[in-house]
Each structure stands twice: as C-alpha cells, then as structure tokens.
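S.K.: Protein chains in written order, with my numbering: chain W, 1 to 85; chain V, 1001 to 1375.
One or more of the hints may lead you astray.
[As the list claims (entries may be wrong)] With a cut-off of at most 30 Å between alpha-carbon atoms, the simulated DSSO-like pairs for lysine-lysine come out as follows:
#1 V:Lys1269 with V:Lys1127
#2 V:Lys1127 with W:Lys22
#3 V:Lys1268 with W:Lys41
#4 V:Lys1127 with W:Lys41
#5 V:Lys1310 with V:Lys1115
#6 W:Lys41 with V:Lys1159
#7 V:Lys1268 with V:Lys1293
#8 V:Lys1214 with V:Lys1159
#9 V:Lys1135 with V:Lys1018
#10 V:Lys1310 with V:Lys1293
#11 W:Lys41 with W:Lys8
#12 V:Lys1293 with V:Lys1164
#13 W:Lys8 with V:Lys1127
#14 W:Lys8 with V:Lys1269
#15 V:Lys1164 with V:Lys1135
#16 V:Lys1127 with V:Lys1159
#17 W:Lys8 with V:Lys1268
#18 V:Lys1164 with V:Lys1268
#19 V:Lys1127 with V:Lys1115
#20 V:Lys1310 with V:Lys1135
#21 V:Lys1164 with V:Lys1214
#22 V:Lys1018 with V:Lys1164
#23 V:Lys1268 with V:Lys1110
#24 V:Lys1135 with V:Lys1110
#25 V:Lys1159 with W:Lys22
#26 V:Lys1110 with V:Lys1127
#27 V:Lys1159 with V:Lys1269
#28 V:Lys1135 with V:Lys1159
#29 W:Lys22 with V:Lys1268
#30 V:Lys1110 with V:Lys1164
#31 W:Lys22 with V:Lys1164
#32 V:Lys1214 with V:Lys1293
#33 W:Lys41 with V:Lys1110
#34 V:Lys1159 with V:Lys1115
#35 V:Lys1269 with W:Lys22
#36 V:Lys1135 with V:Lys1293
In case anyone wonders, no lab produced these hints; they're calculated from the structure.
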Amino acid sequence: MCLAVPGKIIEIYDSAGMRMCKIDFGGVTREACLQALPDAKVGDFTIVHAGFALNILSESEALETLEALRELGEIESEINIGDEG
Amino acid sequence: MTDTFALLNQFRNAELVKAGIAEIHRITTRHWAIMEICGGQTHAILRYGLDELLPENVELVHGPGCPVCVTPLELIDKALAIASQPDVIFTTFGDMMRVPGSNRDLFSIKAEGGKVRVVYSPLDAVKIAAENPDKQVVFFAIGFETTAPVNAMSVLQAKALGLKNFSILVSQVCVPPAMHAILSAPENRVKGFLAAGHVCSVMGYWEYPDISQKYHIPIVVTGFEPLDLVEGILMTVRQLEEGRAVVENAYSRVVSENGNIPAQELIKKVFEPCDRGWRGIGEIPMSGLGLRKEFADFNAETRFDVGAIKTRESEICIAGQILRGTRKPPECPAFGTLCNQDHPLGATMVSSEGACAAYLRYGRSRTGISENKTS
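Isolated chain W (complex conformation):
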C-alpha cells in the first residue's frame, strides 16, 4: 500500500485549483498531485504514492549511501584476499 515509485517531474500546471504535474517513471508518464511540494521544479525527482508526490529525492544523499556501501564492499574483498593469503 505504501508503495511509492520514483519519477522525474516533466511538467507542472494547475488543474481545478490543485498544483499538478506530469511525471516520467522511466518511460511511462502519469499525472500526480504536487500540492505538498511547493518548491518542486521541472527536472526534480520525486517519490509518488497513489497519485500524490511525497518528497523530492536527493541525488547527493543517494550517492553518499552508495559510496558507503561500496567502501564496505572494498573492505570485504580485502578481508577475503587476506583470508586466502
């Protein structure tokens, strides 16, 4: 139920008084309500749940998380090499 999918905002507009947007989910385009993200702009990535954009996705935070795990992987392979030697 709390499934939320990341996508890219490609167009922002008003519809019946609501701040709405078009979102590209990597090929599939859908409409979502942008009412809770007043600062979102075209090009931002957002997480969408039941036609409602919940938050802007932070690319730098994503990179940081991945980097920490990559370092872990490198340490892991060094340990393995150590074990073999």
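Since the structure of chain W is already known, use the hints to place chain V on it.
M.R.: Positioned in the frame of chain W, the structure of chain V alone reads:
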C-alpha cells in the same frame, strides 16, 4: 550529468547487496529478532530472497504495516453494505477487492452488479464524483501516514469543487502507536525496528527517539530496494551488537528528520487523532485518524445508515497472531490449502503487502518461528 534512473538502479546492485550481507554475517554474534513494520518491505525481502541470505541468527519478524490487513472487519462489512446500495459508486484501491468480510467481499458485490471501481488515487474518485452528479461516490480511505495526505487532499478537493456526492469511509492508522503496542505486549520478541521509509517520508522520524529510549530499541528508517533493506538491517544489527539504541536513517535520499511539513499540514487540516481498532490486534488508543467535525459531511459512515453489523471472523485463520509477529504464516493449518490467494480466509493472504500472500507467492512454505533459534 548523472542519469538519476541509472543511479537509482544501483540500489539493486547484487555486488553491493552481497557486501552488505557479508558484513551482517561478520558482525552477528547472537540471535536478533528485527521487525520490518511495512508490508511492502516484507514482500521485497521475500521477493529478493534476502531472508535466505541473512545469518540464521538474524530473524525478520513481519509487522502490521499492511493497511488492508488491519482494517477492522466491521468496517469492511460496512463497506460491503454501502457498496451494495443502489446509486452508489464504491471506489477503492485494488487490494481491498478480495479482502473477506463476514460473508463476502467487494469483488462478489461487483460480480452481482454493484458499482465497485478500482482507482489508482482517491483524486480519481473525486473526478468520478464530479462526472456522476446523480450517484453517491464513496472512497474507501484506508492507509497509514503515507496515504493520509492524498486522502485528505481528496476531501479538500471535493469541498473546493462543491461536490455533495463524495464521501470517504475512513480507516487511517498510524505507525508509532502500533510500535508502542508491539513493544509493550508481554509476548514481544522484537529487538530492533526497520521503520517504514514512505511513512517517514511524510512524517519524518522526530517521533521515534522517545520510543527508542523508552524501550531501549534501535530504530532504523529503511527503504524498499534490496540494498536499502540490507543497509537498514546492517545498521540495526550493528547497534544491537554494540548495545546501542538510537534512531538512524538508512533512507536519506527520500526521508528527512522533519518529513514533509506541507503534507503533515494537509493531514492535520482534515483529520484528527482518534482510537482505532486494528483487525487481529484490537483497539489501540489514539492510533488512527478520523475526519474533523468541519468535514463531517464527507464521512460515509454517517451519510449511509447500514444498520447494526454482526461480524464473523474465520475460526481457523491466525492472521492476528501473524500481524503481531508472534507466529509465521506456515504455522497456520489452513496456509496454502484451505486458505490461498483465490480463496483467502484472512486479509494477510490477500494484500500485496500481507505476509501470508508473500510466503505463498515466494515459496516460503516451511519456515515457522518454532524453527528459529531463540535465545
């Protein structure tokens, strides 16, 4: 420029998942029961086989974070009674269609000619109401904090459009009171929590340090990709092994401490905290959201008089114990036989977030709690 879709795909990178799993193996010295609260995470864990990659001593306990599963039977019977009325278009998320009420489900009402429509968003239900002024349109507004803003938005939108034929049947529940209920239960085995990432994207995690301190339990905000889950489990085990109990965020690309303030304001504008019954668990004080008085016109429970409702639960189904994390699906005598996805006895077999449905779909037919080591 980084291709963000490619970047996000990295959260399914098998090598990084393996590195994280190896680290969990390396640091685990004893048995830990960790609860993932969200049913979406339960499905992701089983789908990617993460439960089978973890050390035997790291046991994942599946939490009650499946709104379809915890919606009280009485409310489902009410939904069925409303949906059977003429001149009603009953709209719902697809998951609710097969959830068994006392005697039948929404699907059978649709088969009998009732106007039941599956919608992607409650805002679609508002559109249906605008297009069908001679019908009463009801949306079954179930969900956790993730779904509360869009459910609130649908009411505000219906009000702004002056619609008199739109109402919602509310079963909104909140995560923190459920965490308190789980941790204070005498049979509790949970030693760490993976907090539900999308609930936190709305609410933040400022409510959790109190829980973490009170019960001395690590709480790690966790996402839904395999790497997110491995990272969340790793951070939880690390805390447990070091004797720490704090709140950490393993889903920082989506979740901030304060969450989405405008979304929280939408919730507060339309809903207020109230006591709520959870199917299989019972009533938890102030664990739900109900419509504020000024939006009473949009409350389907008062708009439709469906008379007294007499509920009847399956006598075999152990969904309640599964939702509390005290038993696992294969321990149910009906699992995969009398109860299956075509003929579910309980909601946990229906939903795409229910633990029973996940165990059956991904072939975990043998593992029960009795087989897990306890210490």
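S.K.: Now look at each hint and say whether the structure bears it out.
M.R.: We went through each hint and held it up to the structure:
1. V:Lys1269 with V:Lys1127: It holds: about 21 Å lies between the C-alpha atoms, which stays within 30 Å.
2. V:Lys1127 with W:Lys22: Within the cut-off at roughly 17 Å; holds.
3. V:Lys1268 with W:Lys41: holds, 25 Å
4. V:Lys1127 with W:Lys41: Judged against 30 Å, a Cα distance of about 25 Å means the pair holds.
5. V:Lys1310 with V:Lys1115: holds, 24 Å
6. W:Lys41 with V:Lys1159: holds, 27 Å
7. V:Lys1268 with V:Lys1293: Measuring from Cα to Cα gives roughly 12 Å; hence the hint holds.
8. V:Lys1214 with V:Lys1159: Status violated; Cα separation ~42 Å.
9. V:Lys1135 with V:Lys1018: Between Lys1135 of chain V and Lys1018 of chain V the Cα gap is close to 55 Å, so the pair fails against 30 Å, i.e. violated.
10. V:Lys1310 with V:Lys1293: Judged against 30 Å, a Cα distance of about 27 Å means the pair holds.
11. W:Lys41 with W:Lys8: The given pair, whose Cα atoms are some 10 Å apart, holds under the 30 Å limit.
12. V:Lys1293 with V:Lys1164: holds, 16 Å
13. W:Lys8 with V:Lys1127: Holds. Lys8 of chain W to Lys1127 of chain V sits at ~24 Å (cutoff 30 Å).
14. W:Lys8 with V:Lys1269: holds, 28 Å
15. V:Lys1164 with V:Lys1135: Given pair Lys1164 of chain V, Lys1135 of chain V holds - Cα atoms ~10 Å apart, limit 30 Å.
16. V:Lys1127 with V:Lys1159: Given that 30 Å is the threshold and the Cα spacing comes to 12 Å, the pair holds.
17. W:Lys8 with V:Lys1268: Holds. Lys8 of chain W to Lys1268 of chain V sits at ~28 Å (cutoff 30 Å).
18. V:Lys1164 with V:Lys1268: holds, 22 Å
19. V:Lys1127 with V:Lys1115: holds, 16 Å
20. V:Lys1310 with V:Lys1135: holds, 28 Å
21. V:Lys1164 with V:Lys1214: violated, 46 Å
22. V:Lys1018 with V:Lys1164: It is violated: about 55 Å lies between the C-alpha atoms, which goes past 30 Å.
23. V:Lys1268 with V:Lys1110: It is violated: about 34 Å lies between the C-alpha atoms, which goes past 30 Å.
24. V:Lys1135 with V:Lys1110: holds, 16 Å
25. V:Lys1159 with W:Lys22: holds, 24 Å
26. V:Lys1110 with V:Lys1127: holds, 20 Å
27. V:Lys1159 with V:Lys1269: holds, 13 Å
28. V:Lys1135 with V:Lys1159: holds, 17 Å
29. W:Lys22 with V:Lys1268: holds, 27 Å
30. V:Lys1110 with V:Lys1164: holds, 24 Å
31. W:Lys22 with V:Lys1164: Given that 30 Å is the threshold and the Cα spacing comes to 29 Å, the pair holds.
32. V:Lys1214 with V:Lys1293: violated, 34 Å
33. W:Lys41 with V:Lys1110: violated, 41 Å
34. V:Lys1159 with V:Lys1115: holds, 23 Å
35. V:Lys1269 with W:Lys22: holds, 26 Å
36. V:Lys1135 with V:Lys1293: holds, 24 Å
The structure fails hints 8, 9, 21, 22, 23, 32 and 33 (numbered hints given earlier, in ascending order).
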